[in-house]
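A.B. asks: Going line by line, the protein sequences match chains A and B. Terminal number for the first sequence in the numbering used here: 423, no gaps in between. Terminal number for the second sequence in the numbering used here: 1094, no gaps in between.
Derived by calculation from the structure, the hints in this document are not laboratory data. The structure displayed is predicted, hence computed values, not measured ones. Note that beta-carbon positions come from the ideal geometry of N, C-alpha and C, so glycine has one too. Please note that the accuracy of each hint is not assured.
[Unchecked claim] Computed footprint of chain A on chain B, listed as stretches where at least three residues anywhere in the stretch have a Cβ under 8 Å from a Cβ of chain A: (1) 1002 to 1016; (2) 1030 to 1040; (3) 1070 to 1081.
[To be verified] Label-pair restraints from in silico Cβ distances: (4) B/1087 with A/393: 47 to 57 Å; (5) A/406 with B/1045: 15 to 25 Å; (6) A/332 with B/1005: 47 to 57 Å; (7) A/417 with B/1059: 21 to 31 Å; (8) A/178 with B/1015: 35 to 45 Å; (9) A/218 with B/1010: 53 to 63 Å; (10) A/329 with B/1028: 45 to 55 Å; (11) A/310 with B/1005: 19 to 29 Å; (12) A/156 with B/1028: 54 to 64 Å; (13) A/406 with B/1050: 31 to 41 Å; (14) A/310 with B/1076: 12 to 22 Å; (15) B/1059 with A/391: 47 to 57 Å; (16) A/166 with B/1076: 50 to 60 Å.
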Amino acid sequence: MTRFSAWSVFRNGLSGQSGWTRQWRDPEPKKQYDIVIVGGGLHGLATAYYLAKNHGQKNIAVVEKGWLGGGNAGRNTTIVRSNYFLPGNREFYEHSLKLWEELSHDLNYNVMFSQRSHIALLHSPAAIDGAARRYNTMRLTGTPDAEIWDLEKLKQEVPHLNYGPDARFPIRGAAVQKRAGTARHDAVAWGYARAADSLGVDILQNCEVTATTRSGDEITSITTSRGEIKAKKVGFAVAGNTSRLWQMAGFNTLPIESHKLQAFVSEPLKPLLDQVVVFGVGGAHFYISQSDKGGMVFGGDIDWYKSYAQRGNLPIVQDVAECAISILPCLGRVRLLRHWSGVMDMSMDGSPFICKTPLRNLYLNAGWNYGGFKASPASGWYFADLIANDRPHETIEHFNLERFAQGVILDERGAGPDPKLHG
Amino acid sequence: MIRINCPFCGERDHSEFSYGGDGSIVYPALDAPVEEWVEAVFQRENIRGVQTESWQHVSGCRQWILVERDTMTHEIHSVRAAHEGVAKVLEAGK
């Protein structure tokens, strides 16, 4: 594998870009691995990378039913932030943000992480008070970049919003995390794949798991579309289809429902919006940023009913368009370029699972709701730690399956046990 | 847009309805062991394929209905009133 550097870019510029080689191998599956990660999304690839890098594991495979970047890795709005309130969540997401800050150097791959600020609009004195409580808590617990902006400051920084007094929800201020931002989602998948591959991880694409073989309280092998693969340890990281895989492993139910979330990108525009802006009041839920190519990237609520279909419905398109026009009326004549939909693991309290399972050598990474993209570095980091050491690190010990029975749910939104409400 | 044939109002867009959730869940008795309640409130089979689910016609008759729907294709196989007594009356009137 060619290591990227200023020199390699320069040299290939002089030789007609002919010196680049493929970024990761396309190996045949071996008969047996020490660790098999099911799911070649960001979480699975990051897990394999950190297993190899942090824990010195040599014999790892990632099996992916499609191609890298074809699932939710490429079906998100690329927002990275750590503005969480509850203990258990905030340390985890702050660690993830710190990993993001070094990720391009760590992977030797430009993931285009842009810390452009995450600006959540506030529309009432009560909302400002609520945000102040949340963001003060962040400042006191290790996230120093949380700020509350008044209207004057907000108008200076983000001039194009609808500040009209006749707006249905007039803007009064904003809660801001300045180190938050966006990254290039495909590059994250490719960067992790390339870095994991260079440490010896076999990435097996077009390799769908169809069954598992159990012996007593352990999984001995998985059956895939590319043959039988034996494994000493197995990790599931297949958001969207976790329940199906769980049932292939011989279990029945999980505190998860699969829902689909749509996202949109417009035609490219000249630079318009320098930050990530979030609008959420009443029934509205909307977030928008501008990609480096100029497209406005935005999304809203889930489609509101359970679904495994990777295609969105039209009422949400209308809903999102209405939100867009209400805060950025200047987008009124912008044309939509593409829109897509991903299947989310919506969990019963809106928080994820990185945990052991009733099987001795099976580990679960699931339930990321809307928030899986930003979580992927820390998710991989701690899932690798769990698999390597066979015990949850204290940072993720809340992310278990038992918390519902124990009454210690992590419901950041306070929405109750209904997956569709944890947006 | 999914079209749901409400047994009271006729066929309407799904945007008139509110999604409830898994309609096959039977809640245990109030004095049942807590494990049964945990199972009913939090645990889901999360079927890919045909499942029975509850919807409420919030912008219509406001009745709760049970819909058999494919969660992959969104095809609807049957719709009936969620209340057994009402469903029987409707069935008898056909």
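A.B. asks: Quick one: which hint numbers does this structure break? Sort them smallest to largest.
C.D. replies: 6 and 16
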